[in-house]
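**Student:** In case you want the letters, here they are:
Protein chains: 2
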Amino acid sequence: MAGMLNLVDTSLPVAVVIDEQLEEVGLILERQLASDLTAVNALCQHIEQYQGKRLRPTLVLLSGLAASNGPYDASSLTNKHRVVAAVVEMIHMATLVHDDVLDEAKIRRKVVTLNHLRGNETAVMLGDYLISNAFHLCSSIYDPAINIALGEVTNTLCAGELLQLHHRDDYDIDEATYFEIVQRKTASLIGQSCYLGAILSCNDEKIANQMRHFGNLLGIAFQVQDDLLDITGDESVVGKSLGKDLDEGKLTLPLIRCLADADDIKRKEVLSLIANRDAANLRRCLIQCKAVEKSQQHASDLVEEAKTQLECLKPSPARDLLQSLAGAVISREF
Amino acid sequence: MAGMLNLVDTSLPVAVVIDEQLEEVGLILERQLASDLTAVNALCQHIEQYQGKRLRPTLVLLSGLAASNGPYDASSLTNKHRVVAAVVEMIHMATLVHDDVLDEAKIRRKVVTLNHLRGNETAVMLGDYLISNAFHLCSSIYDPAINIALGEVTNTLCAGELLQLHHRDDYDIDEATYFEIVQRKTASLIGQSCYLGAILSCNDEKIANQMRHFGNLLGIAFQVQDDLLDITGDESVVGKSLGKDLDEGKLTLPLIRCLADADDIKRKEVLSLIANRDAANLRRCLIQCKAVEKSQQHASDLVEEAKTQLECLKPSPARDLLQSLAGAVISREF
Chain A
353 MAGMLNLVDT
363 SLPVAVVIDE
373 QLEEVGLILE
383 RQLASDLTAV
393 NALCQHIEQY
403 QGKRLRPTLV
413 LLSGLAASNG
423 PYDASSLTNK
433 HRVVAAVVEM
443 IHMATLVHDD
453 VLDEAKIRRK
463 VVTLNHLRGN
473 ETAVMLGDYL
483 ISNAFHLCSS
493 IYDPAINIAL
503 GEVTNTLCAG
513 ELLQLHHRDD
523 YDIDEATYFE
533 IVQRKTASLI
543 GQSCYLGAIL
553 SCNDEKIANQ
563 MRHFGNLLGI
573 AFQVQDDLLD
583 ITGDESVVGK
593 SLGKDLDEGK
603 LTLPLIRCLA
613 DADDIKRKEV
623 LSLIANRDAA
633 NLRRCLIQCK
643 AVEKSQQHAS
653 DLVEEAKTQL
663 ECLKPSPARD
673 LLQSLAGAVI
683 SREF
Chain B
353 MAGMLNLVDT
363 SLPVAVVIDE
373 QLEEVGLILE
383 RQLASDLTAV
393 NALCQHIEQY
403 QGKRLRPTLV
413 LLSGLAASNG
423 PYDASSLTNK
433 HRVVAAVVEM
443 IHMATLVHDD
453 VLDEAKIRRK
463 VVTLNHLRGN
473 ETAVMLGDYL
483 ISNAFHLCSS
493 IYDPAINIAL
503 GEVTNTLCAG
513 ELLQLHHRDD
523 YDIDEATYFE
533 IVQRKTASLI
543 GQSCYLGAIL
553 SCNDEKIANQ
563 MRHFGNLLGI
573 AFQVQDDLLD
583 ITGDESVVGK
593 SLGKDLDEGK
603 LTLPLIRCLA
613 DADDIKRKEV
623 LSLIANRDAA
633 NLRRCLIQCK
643 AVEKSQQHAS
653 DLVEEAKTQL
663 ECLKPSPARD
673 LLQSLAGAVI
683 SREF
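Protein chains in written order, with the working numbering: chain A, 353 to 686; chain B, 353 to 686.
Mixed in with the good hints, there may be bad ones.
[Unchecked claim] Okay, the calculated bits of chain B under chain A, using three or more residues with CB under 8 Å as the criterion:
no., segment
1, 495-501
2, 510-523
3, 621-630
4, 661-673
Simulated from the structure, these hints should not be mistaken for laboratory data.
On a predicted model such as this, the values are computed, not experimentally measured, just so you know.
Ideal Cβ positions, reconstructed from N, Cα and C, are used throughout, including at glycine.
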């Protein structure tokens, strides 16, 4: 059963199609990562457990289905769709592995992180192995335009991560910069997943670009929800260490909102809670000043705006599922 | 003046051609890495200083020139040659940046390493930015076969690094495993540089494969020379911290030879020098048991074998320069 689809009505025939296709995507990914070296295979088996929500491959397949002329079953999806779905998931897995190095996160999807298990060195190299294999797999479909589109998005993603590091512990960061970072490091790959799925099906730049916009909006909402879960989530449900953002000097949307609205006294109080890593009182404070509520509203508005982008598509069960998925991005508790 | 060419007769007209072409390669690289984010540009400017010997781009260009039908000037090289030369250098730079994370090296090419300056997180992400840009640039020449060839070699390279980490502190490592690691992590990219330069010029798989073999042999010799410099080099000339291999539990060829030849008493003595990080006495020991001399001989034999591969090419000034360059790989002191 596929992660994100778990959150919606999976008895729908179209959800069953996507679920089956995701199984095939998983096999492509596994075959690609297989090495003649047993030491490498052992590591790959470990990180294959990282596959969680599979949001990005789901969006490639579902966008592909929804942008096709039907029928809305597996026959409308090509091997290129499945390969691209595997590639975006591998890129995402690489960012998780490298983020674990950065973050010194000890728990990721309830699995002990690789860096904690084998040291940062192995995690860095395994992330590189994933990136390299993603590009190698992508090249195997002999479509340079797809390669360029993926290269562009990984450039953007890395630049976003660098921008975020540049603003580490920057308590004066404004919302515009926050959204700039989020657009690059999170939304760009989600947007490109939708674009690529669609362009492979309909070859219509206008529709594909609108699907990218759908994905971008969804991606930003996804990140805001992640920010919120880091503050208000239940660690046993979320499946990773909470309060990490605080520990790493990453300012989240609720915190930025709270600091922007605060007077001098309040600001001092909040900064002192941050300095003392007092997550419990900070949480209370962010709820009290309505920064949490306002961020939830922002995410909800983004999802509504995203849904309207889907009007470029003909009505279909695949389009309906994209709508449901959009809602699930912010109703999720993990 | 280009690094590796410094070591040979650079007054030759063909060396001047390559030197000029390398300048253009440097501009391609710089343009590719340019970002709209000033924070990213500042980091890129820092690592552009890492460009040292430029062995790999030099080999792409020189193999391209030598495998062409002449004339042996810039007119025989295409934009594809220059782009591939920039791509292999970017891949190499990414491995240096990520190796610095792994190695906690404090000095690289006499420049303070990025991880020391900005933290491991930034170094990891900047390495990713380099890898991503390498593939994006490579895709821009719209030649999927080149993309696949580069994807294959980066897969191999990363697997080699992982294999090396798997054998960290393994004092029973045999020579076969050592050479397997070196072939993957060092020689493969050097071999592929020669292959790609040649195939772009002559489109003859047989010649290009022989050039890859030339590069592979040269690459192994290059690594053995690196091992030797880590033991016998002069830090002010080598331009990076010495004794690093020892600190990181990486067994070098002289050490493997010494341990393989040692009786039980000698073995205990050597292992104790390693445990105590007694670089000075270990050096003395490796010289005394002739492990250094034998490794030098091995590197020299590899270079001779490499040179015979060049017989697949027509005699030319470019071929002569490849010969000289092969010799310089082991006569270098940095």
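**Student:** Evaluate each hint against the coordinates.
**Tutor:** Here is how each hint holds up against the structure:
{"no.": "1", "hint": "495-501", "result": "holds (count 4)"}
{"no.": "2", "hint": "510-523", "result": "holds (count 7)"}
{"no.": "3", "hint": "621-630", "result": "violated (count 0)"}
{"no.": "4", "hint": "661-673", "result": "violated (count 0)"}
Hint compliance for this structure: hints 3, 4 are broken, all remaining hints hold.
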